[in-house]
Structures are given as structure tokens and as C-alpha cells.
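Participant: Sequence:
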Amino acid sequence: MTKRIMTMFLLLTLAVGAYFMQGKADGGEVKPTQTKPPTATDAPEACNVQTGIEGGTVNLRACGGTSCAVLDIVTEGERLTILAAGNWTQVTTESGVTGWLNSKYCKGK
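Each residue of the sequence shown is one higher than the one before, starting from 1092 at the first, in my numbering.
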């Protein structure tokens, strides 16, 4: 019985090892998939910040995501120049700060 258990354990260990070695057969390391930033596709040239709250503010971020560092804060009605648009819009403020904000806050021309 012990010999049978040891044989099963050995086969299971080999199978698990072979599974984890898949993808490394070429000698390279497994790399995470990179997300492409939004690209300019028929984006308007400029937009106004619209929060829906008078005097409301939105964080201007270093990249397109809520985990990215906050570079500046833009205010309701502020005019921004659009550089690229997608779910997140890359913009430049009138003071020259370039960053990203969620596209739902960037409205109109």
C-alpha cells in the first residue's frame, strides 16, 4: 500500500511540475499582459470639466486609472485641451499640466 501511495505522489508531483513549466519551454520568463493606453480616435479638440456639482472638482492623474498619482485638481467648467480619448481622456490644462481624467467628466467642445 505504501509503495502505491508513493507512486501516486511521484506521478502527481511530475504532473504538477510539467504544468508549471508550460510557457517556459522557450527559456523566457512569463510576462504580464500590458494594457494599452487610450488612443486619439476622433476626439474633440477641447472639453469642459463637468462634475454635475457647482464648484466640483476632479483629480487629474498621471495615468488612466484611479490607482495613478494625482497631478492636479481641475474644477467644474475648466477648459481642457484633449490629447487622447477613450475611457480615460488625456488632457492638458490651461496652466500646462498634462494628465488623465475619467472621460465622463470631459464634455463638449
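Read the hints as simulated data drawn from the structure, not as lab findings. Treat the hints with care, as some may be off.
Claimed, not checked - Okay, derived cross-link-like pairs now, EDC-like style, lysine to aspartate or glutamate, Cα gap no bigger than 20 Å in a straight line:
no.: 1; residue 1: Lys1094; residue 2: Glu1145
no.: 2; residue 1: Lys1198; residue 2: Glu1167
no.: 3; residue 1: Lys1198; residue 2: Glu1136
What the hints assert, rightly or not - With beta-carbon atoms standing in for the labels, derived distance ranges:
no.: 4; residue 1: Met1092; residue 2: Ser1158; range: 17 to 23 Å
no.: 5; residue 1: Met1099; residue 2: Gly1156; range: 45 to 51 Å
no.: 6; residue 1: Thr1142; residue 2: Thr1189; range: 18 to 24 Å
no.: 7; residue 1: Cys1154; residue 2: Thr1104; range: 19 to 25 Å
no.: 8; residue 1: Val1161; residue 2: Met1099; range: 15 to 21 Å
Glycine is no exception: its CB is placed at the ideal position from the N, C-alpha and C atoms.
Participant: All hints are to be evaluated individually against the structure, with a verdict given for each.
Facilitator: Hints versus structure:
no. : hint                          : verdict
1   : Lys1094 - Glu1145             : violated, 77 Å
2   : Lys1198 - Glu1167             : holds, 11 Å
3   : Lys1198 - Glu1136             : holds, 11 Å
4   : Met1092 - Ser1158: 17 to 23 Å : violated, 54 Å
5   : Met1099 - Gly1156: 45 to 51 Å : holds, 46 Å
6   : Thr1142 - Thr1189: 18 to 24 Å : holds, 20 Å
7   : Cys1154 - Thr1104: 19 to 25 Å : violated, 42 Å
8   : Val1161 - Met1099: 15 to 21 Å : violated, 55 Å
Hint violations for this structure: numbers 1, 4, 7 and 8, all remaining hints satisfied.
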